[in-house]
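Residues per chain are reported as follows:
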Amino acid sequence: MPTLSMHSRADSSAWPKFRNGEGMLLLALLAVENKGSISTVLRKARQHGISVLTWDADAEPDARDYFLNQATPEGIANALTDEAARLMPQGGQFAIITGALSAENQNQWIANIRKRQAARYPNLSVATIQPSDDDRDKAFSQAQTILKVFPQVRLIMAISAPAVPGAAEAVQQSGRKGIDVIGLSLPAICKPYAHSGVVQTIFLWNTRDLGYLTVYAGFLQAQKKIPTAATTVAVGRLGTLQMRGTEIVLGTPLLINQANIDSLNF
Amino acid sequence: MKRALLTRHYELAVLVTIAILAVVLAFLAPGYFSLGNLTDLFLANMPVMLIALGMTLIILTGQIDISVGSIFAICSIVVGILARAGVHPLVGLLAACAAGAACGALNGSLVAYLRVPSVVVTLATMVALRDALRWQTQGPWIGNLPATFPWLGLSQRSYTATVLALVSTLVFVFIAGLRYLRIGRIVFATGSNDAAARIIGIPTERVVLSTFVITGALTGLSATLNSVRFNQIPSNTGLGLELKVIAAVAIGGTAITGGSGTIVGTVLGVVLLGSIGSALTFLNVSTYWEKAIQGGIILAAIAIRMKKNYRERDANAIDALPG
Chain B
76 MPTLSMHSRA DSSAWPKFRN GEGMLLLALL AVENKGSIST VLRKARQHGI SVLTWDADAE
136 PDARDYFLNQ ATPEGIANAL TDEAARLMPQ GGQFAIITGA LSAENQNQWI ANIRKRQAAR
196 YPNLSVATIQ PSDDDRDKAF SQAQTILKVF PQVRLIMAIS APAVPGAAEA VQQSGRKGID
256 VIGLSLPAIC KPYAHSGVVQ TIFLWNTRDL GYLTVYAGFL QAQKKIPTAA TTVAVGRLGT
316 LQMRGTEIVL GTPLLINQAN IDSLNF
Chain C
3 MKRALLTRHY ELAVLVTIAI LAVVLAFLAP GYFSLGNLTD LFLANMPVML IALGMTLIIL
63 TGQIDISVGS IFAICSIVVG ILARAGVHPL VGLLAACAAG AACGALNGSL VAYLRVPSVV
123 VTLATMVALR DALRWQTQGP WIGNLPATFP WLGLSQRSYT ATVLALVSTL VFVFIAGLRY
183 LRIGRIVFAT GSNDAAARII GIPTERVVLS TFVITGALTG LSATLNSVRF NQIPSNTGLG
243 LELKVIAAVA IGGTAITGGS GTIVGTVLGV VLLGSIGSAL TFLNVSTYWE KAIQGGIILA
303 AIAIRMKKNY RERDANAIDA LPG
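As given, the protein sequences belong to chains B and C, one line each in that order. Residue numbers for the first sequence follow the numbering used here, so the first one is 76 and each next one is one higher. Residue numbers for the second sequence follow the numbering used here, so the first one is 3 and each next one is one higher.
Chain C with its partners taken away, still in its complex shape:
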């Protein structure tokens, strides 16, 4: 069965889009590729990247988590409160990961064991967690952070290098783990066919719970790494973060119905979505077009993806024909 390269390897479509954008930028705004700008872009998109790794797992199992923005806010405040109490930011980092994992465990157990649809559970926790935080903090930002807080106590340069190494390592671990390890394959099995997966002995509830816990922990990690870039922590941080994360995963080709997708695709989705906004400013495109262009790219990505789905279904139907 011959299929077009772009629809067979969906990630290539995203890669080609990024390449086109890069060529246009290289000609019209070469300053975009300055080390300073690339560093700024990397750090700005690092939270989305980290959370999107976990979100890919959740979506692969056929679930979704729209509460990550609220979890991000809670974890940021946890980091801030601990830092102000004199706790070393690395301990704060572990605490934020634990707080995120706990929120993830709450979502995950309701989804996996009570079988409440994940969109309902996380819609509820998205609102409940953010408003609980609003009630707790009463609004003010956390300031007066100690001198050990900025950049995790490192220099700005070594902080950036450390974060780059950490994010790259995590991306590599997720790629390899999903592709080669048993725990990776059972995520796909759970999302492809939950009933069949259970028959062959996969504890699908525990798989689903784990994906939420992992995403929560990654949210705590990203909240910490993001908070230390500033000297204050807004109490309403992370608004709309879930949309950026889910959009990146969807653009990256992970089927929103579960069972199919790749981390490489997600990374490309984050890169595309994360670079388009400032790229348009560099190209002097009116800001008023930015959201429309972003929406167009998301729509195009989903359309190519759906075409792939239909082709696969048709191919399966043909394979099933006798003779």
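In isolation and in its complexed conformation, chain B is listed as follows:
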């Protein structure tokens, strides 16, 4: 389990200073699939006066002080659906390639994509949803099949990082024009397809900002500077961020396209 612990010795001119010997221990951790078991340990840590902040994936809410939420399911789904609508002004069908049909987060995104589409874009519809097992090659095959079985599909929305280049490669090899690929992915693996024009847009939370928020929130928490029941919090260069209960929401996802993809090296 990747655990980052920071003692009170951090000292940098850019950062508000931690006083030496204060004994503050900040725990920021990634809780991915072992939510239940990790939460037990975290509750113990809190009983001993250690502040617990989770980021990327949450633990049980009562096992941590704050969750630094990189993007809400609605935020991601709305950004993707709005982008699909922008690329399909005449309306039409799009296909979704997901990671695994059992993945909780991806299913939440799909549910919110459907909600947004139904509420705002009645001229769009989802032709099919196919799993890719988070595998580039499987996503490639799935996209090939989608292009044949659903020739009316104008856009493929891939919501698993390796699925975007997989779908893009299939569209590129098919030689068919006018089919866009968008999704959630990493800039490095989508670069060739963004430049060839197959991948229009990908979204991702800004990993640098998430790291900044995590450390900054730790600093604030150590000084007890996050008031209970606050609805917003000022986070340095990120400005004022929304709070939902004990979650601090990073904001809208980062939009990556041909214009900015080369400046992002991850």
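It is possible that part of the hints are untrue.
Below, simulated SDA-like cross-link-like pairs (lysine to any residue); rule was C-alpha separation at most 20 Å, straight line [what the hints assert, rightly or not]:
1) B/Lys223 with C/Asn39
2) B/Lys223 with C/Ala28
3) C/Lys246 with B/Thr306
4) B/Lys223 with C/Leu45
5) C/Lys246 with C/Gln296
These are calculated hints, taken from the structure and not from any lab test.
Use these hints to put chain C onto chain B, whose structure you have.
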């Protein structure tokens, strides 16, 4: 002793299943049989096909290799690194085969000479090799591949023709070799009864080692042929590949306990497993059913296979009766 045709020639059961699926598709989704789709399906399943040839040998000797997915990833990365260093993809292909064979030799010697159960050895190497690779590559994909890399420097069409010829040749060599050559028969002998095989002078350790080395080399070959279809190589490629390969061999009727099975069965197993997924999409069956249907087919295949085993055992028991 009269036995039902399907249980005597187990492969027929798989063939009938494929035929039923084909007839349904021909009526409901004739587009499935377009040349484009068949080509895509062939290339998508080519890695499983090649590795399954070797896996059949391993399983025939009574062993198993669950590390082939990790070996596939290592070989893909080897091909990518060499290609980026300007090495011709054909040299990369040989290097990948060598890397795969080396991994196979590691598994094979631990299994054959140290007598560690193969499931334990290859479970360990599956995890160790993949994580060693993760540690080495630190995650990023290999991109910026040279122009000679895609399709082995051939046109897409001649690449496909070459791969088809190569896979067909290998399938034929494996069928003929297992059936008619001494080296083929000693694979069966090793898997049927290791002790008896040794008594008649078969070096069973070397046979087992060879099956792992051959499978490793085939994994390297398939990793190369697969990598050149794309312009990037994912560092975590081949996840779950071992399951597809072993499932295809098992569906093809090779006894998981060793000693009995055929390459024809394995080919049919690959065809059935490899076509069912996209067939269901073509038939507009909800994706949510895909895995359940695949599981059902595997279960049915194994059930027919077990019935065959029991019948053979009963027949042997009757033959052994006096008079």
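Now the hints, each set against the structure:
1. B/Lys223 with C/Asn39: holds (8 Å)
2. B/Lys223 with C/Ala28: holds (15 Å)
3. C/Lys246 with B/Thr306: violated (50 Å)
4. B/Lys223 with C/Leu45: At roughly 16 Å apart (the allowed maximum being 20 Å), C/Leu45 and B/Lys223 satisfy the hint.
5. C/Lys246 with C/Gln296: holds (11 Å)
When held up to the earlier numbered hints, the structure conflicts with hint 3 and nothing else.
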